[in-house]
Amino acid sequence: GNSVTQMEGPVTLSEEAFLTINCTYTATGYPSLFWYVQYPGEGLQLLLKATKADDKGSNKGFEATYRKETTSFHLEKGSVQVSDSAVYFCARRPTGNQFYFGTGTSLTVIP
Amino acid sequence: SQTIHQWPATLVQPVGSPLSLECTVEGTSNPNLYWYRQAAGRGLQLLFYSVGIGQISSEVPQNLSASRPQDRQFILSSKKLLLSDSGFYLCAWSGQGRTGELFFGEGSRLTVL
Numbered sequence: 001g002n003s004v005t006q007m008e009g010p011v012t013l014s015e016e017a018f019l020t021i022n023c024t025y026t027a028t029g030y031p032s033l034f035w036y037v038q039y040p041g042e043g044l045q046l047l048l049k050a051t052k053a054d055d056k057g058s059n060k061g062f063e064a065t066y067r068k069e070t071t072s073f074h075l076e077k078g079s080v081q082v083s084d085s086a087v088y089f090c091a092r093r094p095t096g097n098q099f100y101f102g103t104g105t106s107l108t109v110i111p
Numbered sequence: 112s113q114t115i116h117q118w119p120a121t122l123v124q125p126v127g128s129p130l131s132l133e134c135t136v137e138g139t140s141n142p143n144l145y146w147y148r149q150a151a152g153r154g155l156q157l158l159f160y161s162v163g164i165g166q167i168s169s170e171v172p173q174n175l176s177a178s179r180p181q182d183r184q185f186i187l188s189s190k191k192l193l194l195s196d197s198g199f200y201l202c203a204w205s206g207q208g209r210t211g212e213l214f215f216g217e218g219s220r221l222t223v224l
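Those sequence lines, one after another, are chains X and Y.
Sequential numbering of the first sequence, starting at 1, is according to this note's numbering.
Sequential numbering of the second sequence, starting at 112, is according to this note's numbering.
Do not take every clue at face value.
[Claimed, not checked] Restraint ranges, calculated between C-beta atoms of paired labels, are given here:
no.: 1; chain 1: X; residue 1: Ser14; chain 2: Y; residue 2: Asn141; range: 43 to 49 Å
no.: 2; chain 1: X; residue 1: Gln45; chain 2: Y; residue 2: Gln207; range: 17 to 23 Å
no.: 3; chain 1: Y; residue 1: Gln113; chain 2: X; residue 2: Gly29; range: 25 to 31 Å
no.: 4; chain 1: X; residue 1: Gly29; chain 2: Y; residue 2: Ser128; range: 39 to 45 Å
no.: 5; chain 1: Y; residue 1: Gly154; chain 2: X; residue 2: Lys56; range: 23 to 29 Å
no.: 6; chain 1: X; residue 1: Glu15; chain 2: Y; residue 2: Glu170; range: 36 to 42 Å
no.: 7; chain 1: Y; residue 1: Gly165; chain 2: X; residue 2: Gly61; range: 41 to 47 Å
no.: 8; chain 1: Y; residue 1: Gln166; chain 2: X; residue 2: Lys56; range: 33 to 39 Å
no.: 9; chain 1: Y; residue 1: Arg153; chain 2: X; residue 2: Thr26; range: 16 to 22 Å
no.: 10; chain 1: X; residue 1: Glu15; chain 2: Y; residue 2: Ser178; range: 44 to 50 Å
no.: 11; chain 1: Y; residue 1: Ser128; chain 2: X; residue 2: Lys56; range: 47 to 53 Å
no.: 12; chain 1: Y; residue 1: Pro129; chain 2: X; residue 2: Lys68; range: 44 to 50 Å
What the hints contain is simulated information worked out from the structure, not anything from laboratory work.
Bear in mind that the values here come from a model prediction, so they are computed numbers and not experimental data.
Every residue, glycine too, gets a C-beta built ideally from N, C-alpha and C.
Let the hints inform the model, and build the full structure from the sequences given.
What follows is the structure in structure tokens.
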């Protein structure tokens, strides 16, 4: 199959806490992997991506490493801010033209 | 640089009325184009995608349809809206090849009453 499974939310953290949002995918071929972020009332924005095994995507303090052996692409940030409150989506693009998204994880960061 | 626009941003329509959402992409050619729907508090559902003019793939049977009359224009339509069509509709584009990402429009909030 072509599923993406990500951690159920909602997640609530205090400012400066460590964040992990788990994402695993069904291993079919060599997909590219993505994390998107959606702020309230807006479309999705690309946060980071990795296109091959062991690649690490990073942006705005967020990181995710493409782990082929565990078929995972977990999102991490060492110190979250209130402005990181949003919904985060993991996605994969196996080959060609289709993208598959997880169900989204809502993050709320409180001061 | 590439940009994507969709409109209208918000609309309220009665049940049984028609729908037309439009999306255009600038700064690229021969993009793959997509329509997604996001119901309240839920994930993304792929509705249609297109790899070229006049080529539409439907992922979910429903009373919606899509058309691509020009290379960078993608239209989502319905002849008669249902209550269940309410949601946040997102247009997106990608380049060819498996490493390219999706670029999303701003979204269109549809409320069917």
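Evaluated hints:
no. : hint                             : verdict
1   : Ser14(X) / Asn141(Y): 43 to 49 Å : holds (47 Å)
2   : Gln45(X) / Gln207(Y): 17 to 23 Å : holds (22 Å)
3   : Gln113(Y) / Gly29(X): 25 to 31 Å : holds (27 Å)
4   : Gly29(X) / Ser128(Y): 39 to 45 Å : holds (43 Å)
5   : Gly154(Y) / Lys56(X): 23 to 29 Å : holds (25 Å)
6   : Glu15(X) / Glu170(Y): 36 to 42 Å : holds (40 Å)
7   : Gly165(Y) / Gly61(X): 41 to 47 Å : holds (44 Å)
8   : Gln166(Y) / Lys56(X): 33 to 39 Å : holds (36 Å)
9   : Arg153(Y) / Thr26(X): 16 to 22 Å : holds (20 Å)
10  : Glu15(X) / Ser178(Y): 44 to 50 Å : holds (47 Å)
11  : Ser128(Y) / Lys56(X): 47 to 53 Å : holds (49 Å)
12  : Pro129(Y) / Lys68(X): 44 to 50 Å : holds (47 Å)
The structure fails none of the hints (numbered hints given earlier).
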